[in-house]
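K.L.:
Got two chains here, each in a separate frame; can you build the complex from them with the hints?
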Amino acid sequence: MPKPILTIKNLTKTYGQNVIFQHLDLTVNEGDTIVIIGPSGTGKSTLLRCINLLTRPNEGQIWLDDLEITAKGTDEDQVRQHIGMVFQNFLLFNHLTALGNVKLGLTRVKHLSDEAATEKAMRELNRVGLADRANHYPGQLSGGQQQRVGIARALAMDPRVMLFDEPTSALDPELIGEVLEVMRQLSLDGMTMLVVTHEMGFAREVADRIVFMEKGYIVEEGSPDEMFNHPKFDRTREFLWKITELYGKKEKEAE
Amino acid sequence: MLTWLGYFERFGKNFLRGAGVTLELTAVGLVIGFVLGLLLALARSYGPKWLQRAAGGYIAVFRGTPLLVQLFIIYYGLPELGLTFSQNMAAYLALGLNSAAYQAEYLRGSINAIGSAQMQAGRSIGLSKWQTISYVILPQALRLALPSWSNEPISLLKTTAIVFLIAVQDLMAEGKRAATTTFDFVGVYLAVAVVYLVMVFALDALFKFLERKTKIPGMDIETRR
Ligand SMILES: Nc1ncnc2c1ncn2[C@@H]1O[C@H](COP(=O)(O)OP(=O)(O)OP(=O)(O)O)[C@@H](O)[C@H]1O
Ligand SMILES: [Mg+2]
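Protein chains in written order, with the working numbering: chain Z, 59 to 313; chain S, 17 to 241.
Chain S with its partners taken away, still in its complex shape (with noise of 0.2 Å):
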């Protein structure tokens, strides 16, 4: 019945270091896609017209697209216009370019909420449009985006596992290797599902204490008047 907690002994090590991966793999997109999607969540806000729709277009193709092609585009296609990447290179990149739409969506939102009232309030004193973004809208805002946006790493982490298809070497890849080893798929697979759950619970926890503290004693209830 738990034969495949002894999975844990037989693989354990091959698993810890596909873990090590699809962690790797999911902080740099999250990077990736956070340094990306606040350009764009500015762009959207505060840009020019053109600037907007570009913004606008982006976050369209990407959210409106399935991020298996994505990859596959950048890592099969791509090389066809003297493009080439690595494997893990190519998975970065997607899952970067894809998460950025994610998070310029969730940023945009609570930057819009934050509101033009707080840009007059910073204007009033002699503050420029960009120090007033910089040193009171973001502040406010991303504290803001905080709790929506934190299922964006979790979503992130568990999408990760299709870069298997490109033979990136993550937990999936070894979850592959381990089941065809023993033809236990059931078993294997349960094993790496525990593996997931497990890092999903750490960045939750993570995610979570950093909601805490950050938070502005009072200002929910301020944002939400």
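Chain Z with its partners taken away, still in its complex shape (with noise of 0.2 Å):
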């Protein structure tokens, strides 16, 4: 039997009179890698925010494991230790060094001697390959380093669950790769994962499920076999097809 991790039920988000998603339901069970994809503007980026607590949801309910997140009253700074997020541009701490940066929450949230603190952020720079670029700071690093540094930052809290917004989407082709191996090396440690991408060869090969969301509603989830090879709704076929074409030739420059 599985366990769901995040649960969300009949969540509804809006910004004044416009409506970014309505009663959307989502489950992510232990373990899981789920691929979410759509167009621009789809409300995917919000959807996550609002899972990891920096935005509140109009309506309904998230719970991670057995803990509704969304109740009146949550400690939100102790739910997100239980959250990892990567972000689209990295945003590392520019002032700190890798290690630095994976060190902060370790040392400030979770309260570890500096001894243990750097002990545990080597391993998780090690983790990301970056155990030799450990006193760089983020200026030092390429765009696919920094990337890698988000991920063992957010790794360092040893979350529940990882959430990532389109990690690749600000790389240079030539450094996509790097970033996708250390995700799939995740998955295959048997992360619970929620990405955001346009990696369509990564949501072929990693994930468990693919969701199709557009303007706000989730039109189609399925496994990548169904969801590639025979998709219900023919919306869900010609999105796949356009950005198939589209980044496919990204990826193909990439090799």
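Derived from the structure by calculation, the hints contain no laboratory data.
Predicted model only: the values in this text are computed from it and were never measured.
Only true hints are included.
Here are some chain Z residues pointing at chain S (derived, C-beta under 8 Å): (1) Leu112; (2) Asp135; (3) Gln139; (4) Phe145; (5) Phe151; (6) His153; (7) Leu162; (8) Pro196; (9) Gln198.
Cβ coordinates follow ideal geometry from the N, Cα and C atoms, glycine included.
P.N.:
Set out below in structure tokens:
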């Protein structure tokens, strides 16, 4: 019996008059990698930001394990520790080295000793292949390396689930591969992941389920095989065809 | 022609004593101004609405009125309300309260430039809002502010010259005394100007050094993006 880690029920988010999504349901089971795809402005980022409580939904509930995190009086800082977030433009702390970036949460949130934090942070940097760059500042790292530090920073908190918001969209084609490889390995290691991406190769190979969102609705979800080979809706087929065409070229370039 | 150089010999001790007072006024004013200015900047960027408005009002008033008026209100006006200050204390207070308004503007600019993205990144690993401000936003914002902020100590040092009007014995007061003894106003004030100039150069060098010391490799490229 699969154990749900994230349960989203009837979620609605509006900005003023603008309804971003309405009555949205989604369940993420332990160890699953779920890829969310959909056109620009559909509310994918907003959904991730709601899950991480970086913005509040207007209606609906989100559970992390058995805890309703949307309930009034939830300790948001406590919840966010358990939900890792990887941003499109990395958002590393620019005044700290790679090691400093990964350590900050360990010393200030988890209150580890400096020694224990360094040891744990080095393990995470090693996991993303950057132990030798520990003392470099973000400005001295390539985009791909910065994003891998971003992943290590989130992993260091031992999150229950990792959220990725287009982690490779800001990268030059030749740097995308190294980040996707780290994510693929994470997925193999059993991390629960919710990934917004246009990388169809990754989705096809790594995703347990693909969710197609459009205009604030989940149009269709299914296994990669179902979605790519026999989708139920024409909209899904059209979008996948278009996106594969568009980004497939970029992937070819990268090889 | 160069008789004014002789004044350094004749009044050197007095000028030095005065310059000491001037530096003290600058330092105290700068520190009061920095602490209060930082609080004002944080209040404006992160405070509740009423506090944002109050901080904005403070800044508008202190930037919008002459420092001399502020100094006279503190030294001559407040005693009527039962608040009496020594000359030096009044000078410290006026310089500090005034400088705070300007420093708040420098700091607020760079806090805004660091922006909400870094705030989100900090919150995403479980840091609280104030932890993110202390460990993520301010270390970057202060570095970013440093080059333009270093105008403030220099401007403040020159501004301290007005406090001789409430008889604080600063460099300007010493100059005035020397001028009335010799009746050579041009020569004496030229010598005084040179002393101010030397202090300004020294301060400038100090902050350039600080800038180099606190620089993060590659960071200026990052923030310009
Ligand atoms: N803070 C905000 N205030 C008002 N409107 C917002 C805000 N954030 C997002 N929106 C709007 O919400 C809609 C969905 O945005 P969102 O960023 O979630 O889309 P997305 O699916 O992630 O798109 P993209 O692929 O371009 O990243 C957009 O129309 C956007 O303009
Ligand atoms: Mg987005």
